[in-house]
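Chemist: Chain by chain, the residues:
Number of protein chains: 2
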Amino acid sequence: MAEQENKKGPAIHPPKADELLDMAIIGGGIAGATAGIYSGRYLLKTALFTKTKGGAILDSPDVENYPGFITISGYDLMNRVLEQAQHYGTLVVNEIIEGIEKQDDVFILKGSSGKSYKTKQVIIATGLIRRKLGLPKEDKLSGKGVSYCATCDGFFYKDKVVGVVGGSDAAALSAMLLSKYASKVYVIYRRERMRCEPYWLTILEDDPKVEFNYNANVAELKGEEKLEGVKLDNGNELKLDGLFIEIGSEPSTDLFAPLGVEVDKRGYVKVDDGMKTNIPRIYAAGDLTTGSAGFKQLVVGAAEGAIAATSAYHYAKKELKDTR
Amino acid sequence: MAEQENKKGPAIHPPKADELLDMAIIGGGIAGATAGIYSGRYLLKTALFTKTKGGAILDSPDVENYPGFITISGYDLMNRVLEQAQHYGTLVVNEIIEGIEKQDDVFILKGSSGKSYKTKQVIIATGLIRRKLGLPKEDKLSGKGVSYCATCDGFFYKDKVVGVVGGSDAAALSAMLLSKYASKVYVIYRRERMRCEPYWLTILEDDPKVEFNYNANVAELKGEEKLEGVKLDNGNELKLDGLFIEIGSEPSTDLFAPLGVEVDKRGYVKVDDGMKTNIPRIYAAGDLTTGSAGFKQLVVGAAEGAIAATSAYHYAKKELKDTR
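Note that the protein sequences, when read in sequence, are chains R and H.
Residue 208 in the working numbering sits at position 212 of the first sequence, and the numbers go up by one each step.
Residue 286 in the working numbering sits at position 290 of the second sequence, and the numbers go up by one each step.
Rather than coming from a laboratory, the hints here were simulated on the basis of the structure.
Any given hint could turn out to be false.
Heads up, the list lumps identical chains together, so a pair's fine if it works in one copy or across two of them.
Taking lysine to aspartate or glutamate pairs in the DMTMM-like style, the calculated list, with each CA pair at most 20 Å apart, reads [unchecked claim]:
id, residue 1, residue 2
1, Lys205, Glu258
2, Lys314, Asp202
3, Lys106, Glu15
4, Lys261, Glu60
5, Lys292, Asp268
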């Protein structure tokens, strides 16, 4: 964890998880953590529930586009932001929330540990779930050559041959990282050229380890006990030790759909410009919302978290007659 | 300036100010600087025009609510973000833009130095002009007890005595927030009673920490190195550690009004969720827009800058057939 000097005296004392919370934040990515900073600063009794310290950005070894850091690892950035939320009294609880129920004016959150938590307001910041190729043997070979996280697994492919499926920023970041370890990185993408940030594409195109397989899809995964290669739908075969699948992600609606939270066709939570959902006292922030023109970047998720917490604070003052 | 290690090799070579720019960003606050990071990373030839390195936040000695830094000065933060923009090739030009004209498909920017600049697209990020009291020493004591942002600076006045000048919702919100920290909050307002939302006024009137000084204006700021108090025009004197001036702020529309950029009643630039104005190839970001529910915070301005640059990049690809 990056050490940060605390010039401002001790943190505000955090709430206990079993008292009635003013605010429960579900998700420990940049949106949730920033909501935690703001909610804590507004002196709302806040708990943030997350299974990992950090969200999608934990996969990024080098974050370069978050304003304030020319380069920082996703891990370090998230540690800093979560620490900042804790500094303002937000309690970070290592718990997966599996269900939310409304009882009168209180929401009951069911944790995977069996515990329940009561809260007046909720910010959903659970992010997105990674998409799979949908091929036979994909689940079986997952963790045996097939991976969805280059940051997590890239290190195991030192001097090996790997493939990356996808053309997005995430795919580019994975390919860049893998090229540090692997002897060869094949990029496999269905379109004519990667659609990632041009700057990243120039880096990849200048990298002698990287070879592009455009206009191609993975048709078949080879290998039984572990991945041995792939067959593409243009007939080519590649011998691979690892395949990193970076074809996007989608919101998981299981948690909040039962509450009647409105989503768009693709499952993204509809929010207004104050990050309010259609259900009073439920807000959403980060990658799973329709906000910010759907633009998914760290700084945007952070802003949405700040806005959600501010809307909740105003609601607490005005509607819940909270005297803080 | 905070030194930042550059792990990624030399910066992209910046454009020359006299060539046709892909992007001109007007304003060097957090919104403009973040737009500069993104625009540079998109390989758009970008110049950022500003008279100061940093915007409104330069007034804040201790920024605590920007995610990633438990505490950082506005000056250091802005240096870091502007440096990051320069790292990606954005040219920072020390120049006040005094006029914008459209000639065919190009915008001509007139600088106060007499120079002109040509650009395909523009992001307006000129922020707001804070209304000041107009008193001697007001500028000198700014950041030394005199503040224009309770959300930014209120936390530093734990157990201190503060004043709030103004009667608006913003003044009420500031007073409410300050009462959490301070031992005493004097509201100083020129009329008979605050004109904020009545509910907020009831909260303030029930708050034993809050004392109202109505029908009064600040006549004099006391203190040399830091604020020590104020003298009111009714003859009363108040000993204060901090004075929060909340008499409003407003966008300056002189620059873009002649182009037909649509604004709301109060002069804020109307934007969609992609930060586009009604004029193609003109975007706006930061405090002067109607975006993000009007919530004015660093991280929100940064996000708006990122979104504006992204919209411009997509426009360049699609409409200007830019091949980058």
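Chemist: Quick one: which hint numbers does this structure break? Sort them smallest to largest.
Modeler: Hints 1 and 4 are the ones this structure does not satisfy, whereas the remaining hints hold.
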